[in-house]
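Participant: In UniProt numbering, the protein residues as written are 1 to 158.
Because the hints were derived from the structure by calculation, they are not lab data. The reader is advised that the hints may include incorrect statements.
[Claimed, not checked] With a straight-line cut-off of 25 Å between C-alpha atoms, the simulated DMTMM-like cross-links for lysine to aspartate or glutamate are:
hint, residue 1, residue 2
1, K45, E25
2, K92, E75
3, K106, E116
4, K45, D72
5, K45, D55
6, K108, E76
7, K50, E76
8, K92, E25
9, K45, E94
10, K114, E94
11, K50, E80
12, K106, E118
13, K92, E80
14, K45, E24
15, K45, D85
16, K45, E80
17, K50, E83
18, K101, E80
19, K50, E94
20, K50, E25
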Amino acid sequence: MAALPYMQLYIADYLADTMHLSTEEHGAYLLLMFNYWQTGRAIPKSRLAKIARLDNERWIPVEESLSEFFIDNGEEWIHERIEQDLASVHAKLEQRSAAGKASVAKRKANKTMKVERESNVCSTLVESSLERNANGNSTNKDKNKNKDLKELKDPPKS
1 MAALPYMQLY
11 IADYLADTMH
21 LSTEEHGAYL
31 LLMFNYWQTG
41 RAIPKSRLAK
51 IARLDNERWI
61 PVEESLSEFF
71 IDNGEEWIHE
81 RIEQDLASVH
91 AKLEQRSAAG
101 KASVAKRKAN
111 KTMKVERESN
121 VCSTLVESSL
131 ERNANGNSTN
141 KDKNKNKDLK
151 ELKDPPKS
């Protein structure tokens with residue numbers, strides 16, 4: 001996984017927990033936390049001194065001080081607070097990813113429906129289907145079609 005772009009550092013909590021550390025121990029602890037965050041996993045014990053940028057002679061007393069902040073499972077150091085923060089960030093990323101995928105699917109469905117609506121136009125208009133093409137043949141069989149009805153009822157008197 002790519003490194004996450006940020007890490008929350010709870011300053012008040014950090015200072016409350018680390019006031020007893022020396023400057024060297026603070027630096028080593030921060031480097032270990034940063035590496036933990038960047039990699040997203042527990043730190044192998046064989047790499048602790050190297051990540052803290054301390055030689056073996058200096059690492060031994062620092063390790064003793066920093067071990068209180070980590071869980072030692074025999075092979076790795078695990079930091080509970082960072083594990084919780086990583087889980088929270090991953091859950092948010094998953095939620096945002098799912099929301100993005102749902103948004104894309106909805107836009108795609110809307111686009112498909114729009115195309116279907118546009119292509120579902122009748123080939124003939126309703127008005128034109130009710131009209132007849134004039135062929136010149138009248139369907140009116142009444143020969144007196146141009147005469148006034150009144151004239152037809154009252155024959156002329158002579």
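Participant: What hint numbers does the structure not satisfy?
Facilitator: Violated: hints 2, 6, 8, 9, 10, 18, 19.
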